[in-house]
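Student: Hey, can you work out the whole structure from these sequences and the hints?
2 protein chains.
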Amino acid sequence: VSGRSRPCVGVLGGMGPEATVDFFAKLVAATPAARDTDHLRIVIDDDPSVPDRSAGVAGTGPSPGPHLARMARGLVGLGADLLVMPCNGAHAFEAEVRAAVPGVRFLSLIDATVAATRARRPDVRHVGLLGTDATLASGIYHRAFAAAGVRVSTPTGDDQRLVMAAIHAVKGGDRGSTPAQALRDVAIRLAEAGAEAVIAACTEVPLVLHDGDVVLDSGSVDVVSSTDALVARTLDVALGRVPIADG
Amino acid sequence: VSGRSRPCVGVLGGMGPEATVDFFAKLVAATPAARDTDHLRIVIDDDPSVPDRSAGVAGTGPSPGPHLARMARGLVGLGADLLVMPCNGAHAFEAEVRAAVPGVRFLSLIDATVAATRARRPDVRHVGLLGTDATLASGIYHRAFAAAGVRVSTPTGDDQRLVMAAIHAVKGGDRGSTPAQALRDVAIRLAEAGAEAVIAACTEVPLVLHDGDVVLDSGSVDVVSSTDALVARTLDVALGRVPIADG
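Chains A and B, in that order, are what the protein sequence lines are. FYI, this note's numbering numbers position 197 of the first sequence as 197, with every residue one higher than the one before it. FYI, this note's numbering numbers position 13 of the second sequence as 260, with every residue one higher than the one before it.
Calculated directly from the structure, the hints in this document are not laboratory data. Glycine residues also receive a C-beta, built at the ideal position from the N, C-alpha and C atoms. Hints are not guaranteed to be accurate.
[As the list claims (entries may be wrong)] Computed footprint of chain B on chain A, listed as stretches where at least three residues anywhere in the stretch have a Cβ under 8 Å from a Cβ of chain B:
no.: 1; stretch: 6-17
no.: 2; stretch: 23-37
no.: 3; stretch: 40-49
no.: 4; stretch: 165-179
Tutor: Pasting the structure below:
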């Protein structure tokens, strides 16, 4: 892919802002570049006012769909022709984003994460999810993993409340040991119940939980970062390393 | 300033991408926020194809002015009503950016850095500049500091070549000791020649040179980060902490 024909990456961001920063930083850092002009153009709408995804999925609050659709149209208006959304739960509204910008490529974070998990563990049959209520209730990962014959486990009631509290703490700027330990504890219980890999299925989770952090007596369990998976997928497509399957 | 009336920050970025990431990360981290919705909306055009500022100032290449003007219009079209440009040299073309979006506030990185320097050292009479050829040749800092009665020294021929090489190394992803040491050495020579503070007058410089890094026998010399100055100024204005003097 020559410089001229490289896509302009549009980022539907702000969900939350720290996760958008993390995605942008990793995308720029992972781009092979000796000078400014080797980089991709990236346009970002870091909009923290997108309606809450969990409330939208539960039907207890407004749907974020129309807001996300407006963001997508704005980014495309600015020149974006490859859209990404570094928020797992927002993918419950992916169809509305795609419909808003017909003909524009959209790379699914969910598909990228499932593919990254299978690339790392080709024999994986069972994964555990660390995500928001929106991500769990919408079934987006259940469906995507089921298509690959992989079973998905989610935390039980109290454990899911721990996950949500940890995510909210990270959104509030806490990257300390309290949210990290809570996520690690829940991940260990998912692994003890049979999960062979744990999916950091919320882009706030990789800010405090990393691969190698989840250790059982039987060894460490893979932690698959959805942020890293989307960064890799974005570069693969934008730099023409793979055929474009999405969008 | 209530949530509803807070400005949307538009970032003319990509000069270079790592510096844009650094500005965005610091802006989000410095925003007082307990939840997503406490954050500002920030729209970013991270466009690494802006024509080279040093060649534009020297007249040996196309002016980046028209490109920057288009970026400003695009960001305003997306909703931005407070523009910033985390690139010092691009401020040689600030008038074209302002003229492209009449009535939209633009916060000068140069003015923010001069103000930050004087706030830290109210008695400062002499500063040294670490910046690109564009920033030095355009005289943007010389004029702004002269208005405050402050003398500006710049590196001599060989030293300025060291600064440019270090900045290009950082743009190429090198955050190691080689560019850091070169910038520190030049900063020490500026201080030995009388500079009471050294201005990191290129947004790549703070990626490797930090306050406290420039130490002489007589003590350490302040390193003033233009990135930090613009982050603080943006938040002061966006959160209504200060009256708006710019734009």
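Student: Taking the earlier hints as the rules, which of them does this structure contradict?
Tutor: none
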